[in-house]
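A.B. asks: Chain A is fixed; fit chain B onto it per the hints.
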Amino acid sequence: SQELEQSPQSLIVQEGKNLTINCTSSKTLYGLYWYKQKYGEGLIFLMMLQKGGEEKSHEKITAKLDEKKQQSSLHITASQPSHAGIYLCGADINGQNFVFGPGTRLSVLP
Amino acid sequence: NAGVMQNPRHLVRRRGQEARLRCSPMKGHSHVYWYRQLPEEGLKFMVYLQKENIIDESGMPKERFSAEFPKEGPSILRIQQVVRGDSAAYFCASSPPAKNIQYFGAGTRLSVL
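Top line first, the protein sequences correspond to chains A and B.
No gaps in the numbering here: position 78 of the first sequence is 78 in the working numbering, and each next residue is one more.
No gaps in the numbering here: position 25 of the second sequence is 25 in the working numbering, and each next residue is one more.
Chain A with its partners taken away, still in its complex shape (with noise of 0.2 Å):
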C-alpha cells in the first residue's frame, strides 16, 4: 500500500475555477513537500511544509499541513492552463527515506 495518498487521481476543471489536492498518510510527516511535473520533464519544487498548522502560499497556490501533520491539502485559486501538470506530494516519513504519493493530474480547459 501507498505510504501517501493523493486524491483525487485526475482532476478536470475550467479555467477560473479553484480547486484542491489532498496528500494523506498514516503516519507522522516530517517534512511534507509539494511539486509539480509537466509532462516529460523533472519535477519543480513549489513548497515545503514542516510545522503542524502550517500554511504557505506563492502566487495562486497555498498548501497546508494538518496540526496533527498527516494530511496536507494544496489549494489553487482562479486555475489557469499554465496550472496544468501533475502534482506530487512528498515527505520525509518517520525519519526514513524520501517517498512520493502516486500524483494528481491536472488539467485546466481554456
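Just so you know, these hints were derived from the structure itself, not from any lab.
Accuracy of the hints is not assured; some may be wrong.
[Claimed, not checked] Which residues of chain A face chain B? A partial, calculated answer using Cβ under 7 Å:
| id | residue |
| --- | --- |
| 1 | Y39 |
| 2 | E41 |
| 3 | L43 |
| 4 | L46 |
| 5 | G52 |
| 6 | F98 |
| 7 | F100 |
| 8 | P102 |
| 9 | G103 |
Backbone N, C-alpha and C fix where the C-beta goes; we use that ideal spot for every residue, glycine too.
C.D. replies: This is chain B only, laid out in the frame that chain A set:
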C-alpha cells in the same frame, strides 16, 4: 547557478547492454538521490548518496543496478544487462544538507529494445 544536470536526456539500449546515467548536482550540493518513474506510476526512491558514500540503497534492485558519487565528477547510475522492464524515466535530485529540499533534474528516459 545551473540546476541539476542529467545526461543523456534519452538513452536507447538493446537487451543485455549496459546503461550509464549521469547526474551533476547543483553547485554546493553534496547529496544526490536517484528515483525511477515507470509509465503511469509514481516516483520510486532508489538510492541516496553523499560524496564517496552510499547512505541508503533500500530502493535499489539487488542485482544489475549500482550507483556511485565519486569525489570528483557526476553521480552515475549504472544498469548492467538491461531488460525491457528497466525502461523508465530516471530522475536525479540534489540537496545541500540531508533531508532538505530536493531539486530535480529533467530526467533520463531509458528505452530498452
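A.B. asks: Which numbered hints turn out to be false for this structure?
C.D. replies: 1, 4 and 5
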